[in-house]
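**Q** Chain by chain, the residues:
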Amino acid sequence: MKKVPVLKTLYDHLSKDRQIVGLTKEDNRYFYRALDSFDQWQSNVLLGNFSPKEVFFPQDEVLFYFKAQKTILPKDEVKPNVLWGVRPCDIAGIGELERMFNQVGEEGYKDPYFIQRFERTLIVGLACSEPWPSCFCTSVGGSPYKSEGADIFIYPTEDGYLIETPSKKGKAAIQGLDVEEVGDVSQLEVDRRRAEDKIKKYSFDGIEDKLKSMVDSDFWDTVHNPCIGCGTCAFVCPSCHCFDVSDASRGSRGLRSRQWDSCLYAGYTLETSGHNPRPSGRERWRQRLMHKFSYFPQVFGSYQCLGCGRCGRACPVNINIAELAAKAVEWEEAAE
Amino acid sequence: MDKDPRILAFLCNWCSYAGADLAGTSRIQYPTTLRVLRVPCSARVNPQFILKALQEGADGVLVSGCHPGDCHYLEGNYYARRKFATMLDLLEYVGLEKGRVRFSWVSAAEGGKFAEVVKEVTNGVKEVKDTTQFLKKRDWPNE
Amino acid sequence: MSSLTDAIREEAKKVLSEGKVDFVIGYGEGDNPMRTQPVFIDKVEDIDKLVWPSFGLINLANYLLRHRNTPHKIGIVAKGCDSRSIVALLKENQIDRDRLFIIGVNCPGMLSRQVAREKAGEIVAASSNGDKWSFETTEGTKEVSCFDLMPSNCAACRHHGPVIADVIVGDPVTEPEGDGYDDIREFEQKPAPERHNYLKQEMTNCIRCYACRQACPTCNCDECFVDITQPRWVDKGLEPTDLAIWQLIRTYHQAGRCVDCGACEEACPMGVKLLWLTRKMNLVVRERFGFEAGVDPEALPPLATYKKEDPQEFIL
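Protein chains in written order, with numbering that gives the first Met the number 0: chain Z, 0 to 335; chain W, 0 to 142; chain Y, 0 to 315.
Hint data in this document are derived by calculation from the structure and do not stem from the laboratory. Bear in mind that the values here come from a model prediction, so they are computed numbers and not experimental data. Misleading hints may appear alongside valid ones.
Quick list of in silico lysine-lysine cross-link-like pairs, DSSO-like style, CA-CA up to 30 Å [stated by the list, open to error]: (1) Y:K307 x Z:K24; (2) Y:K19 x W:K125; (3) W:K112 x Z:K74; (4) W:K82 x W:K136; (5) Y:K141 x Z:K7; (6) Y:K199 x Z:K78; (7) Z:K66 x Z:K15; (8) W:K136 x Z:K78; (9) Y:K141 x Y:K307; (10) W:K51 x Z:K74; (11) Z:K209 x Z:K1; (12) Y:K12 x Y:K118; (13) Y:K48 x Z:K199; (14) Z:K24 x Z:K66; (15) Y:K12 x Z:K24; (16) Z:K326 x Y:K48; (17) Y:K12 x W:K82; (18) W:K128 x W:K51; (19) Z:K78 x Z:K199; (20) Z:K197 x Z:K24; (21) W:K97 x Y:K48; (22) Y:K12 x Y:K48; (23) Y:K199 x W:K112.
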């Protein structure tokens, strides 16, 4: 594996022809924004308050403008960039967004806006040597040292940083970088175990089918109670990708845009007729948990929840999806 | 302000609109800055209209109704008075320039007063040099 | 605050076991010492889930809204501000008094996670330490006193105790002097462009998640003005004037109804300083119309009534 003594060399190398996007600090909050310099990067913060999905899937995005009957696409202002220092959970989230927005096969949905941004981004991941108490990636098939899905992946060590290049794009990107070749990476396994052991472990074994068997269960009667339907969980989640489309116009000119939506909003499934198939938090929470732990795995082969823990931290009423999922696994229907 | 400001005026049908009409038939000269919207009563004016008007390019907004006690619907202007006081206090707190949004009581017989109100409001809006913070910029491409 | 916890549990246990209510809405524990999750206790065996939290800027009256048309009798833990929200809801006929059993709490004030973030940064773990809190942050360990963790609305509160209740727990809190709005008055002295820049900055940090609206008990329209398409009051998305109008009209719609509970600002994932707007709205209503939300159950909402002598200095 390759090694560099300091990350600034890699940063400078990559920023020659790309804009680096990484964690910045604004009023004690952390966001993935364009960095002006290496020093601006908040290297000691594990996760931003929001996920990096906004790099590929902004909260507010113009789809097209229209003028009478003419459609005008937005100007192509997407620059090649680097998503710098993202953690394995977020990388997995981006991977799931990619699977959703760039579906395989002729009939598969291909979102041109997402794809354009995704193709122009180099993903540089960073292993988590100090996970947070809110993390639970190891319970959903993740790991703080998982490099899968990144173009370049960085492992901090005692005396420098190991660099792995899981993709061709990554290998090409570090051409010309001054690196040391390292043969013995056995310490990496030790570090990985240490980090994984720090993470709270839930058991979600069999949850996919368990949830399917619980569609009419009393379990759903109470889990939604504290939820105020604020949508914050979907906004901070790296893999939530629902959006609503809206038009704005003046006379015969206007635009169509999309904004983030949340399945927990009361009006999420409200139909024009006034009928709402998910009229209360009960149905909405059932949907959310099943989407994350049953429907998505069924279709795409992995839990949609990445174990980043942001939702529980951001939720005004501290609903912890991991706790709910664990309860579901253990739920025993009361005997009739 | 370089050009003449455009002021959206909500005039209540029974008093202020009639007063404006009287100013016209009496040939009283006053600035041509108003764009008038006739409403049944000043209470019809939703404070959101004011913000929407500013968003859409009005340089100023005037809402005018009957004098307290003379409302055609008896009490409308009393409720309107409270609404507008509340809204104006909030808007000025967030930095709305003094003089951009105005209110008046003009009766059907006060053609002269109406003209004076328009002069005063126009001058006030002219003095506010900048475009309103609420103007919605629409940079929509042409092709 | 363990004595408040015990007292609340005792009252809740009584009222549940006597069958006076179907469930009690109260504060429960969260997944770390800084958090609380509202609980809905319908069994006496679960009574120990009720706690009195330290960081508890959640308005429990919010949960009454979903019971507008249910048959349940509801017990509810209500601090001063929450009880005023209950009065506001009763006044607007959103719920019947005889369905409620209010366990009033003389609230000493809550701590705010937004303030904790301001003072200590990104907090990874926290523990209470007497009259201060110890935070493990991404920039080392920091200690902040409870006093410094109190939000502006709690510091300004003049209604620590419930205005309406079936029982009251906790020692009465001595209200400080003054009406609590001096910080707003001081802010108003700043020149308009300075106020404008500060508030515009705050308002345009908004990402239209609507957490503030959802956390607020008096934000309860079946169809919020931002979701109405005919007429389209504001477009969706993050255009700055749309953001400002969303914030301002939401604030305006709370005039005479907001009880300064701080749940909106606490819920906001961007930390928008909503209290600067809502508290100004409360001050306006107080000074112009002598009204304070939820204090007098008989008083008509200020915009639903008038006085012939209402001030009109702003009218030509």
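**Q** Hint by hint, which ones does the structure fall short of?
**A** Checked against the structure, the hints that fail are numbers 1, 2, 3, 7, 9, 11, 12, 14, 15, 17, 19, 21 and 23, while the rest are satisfied.
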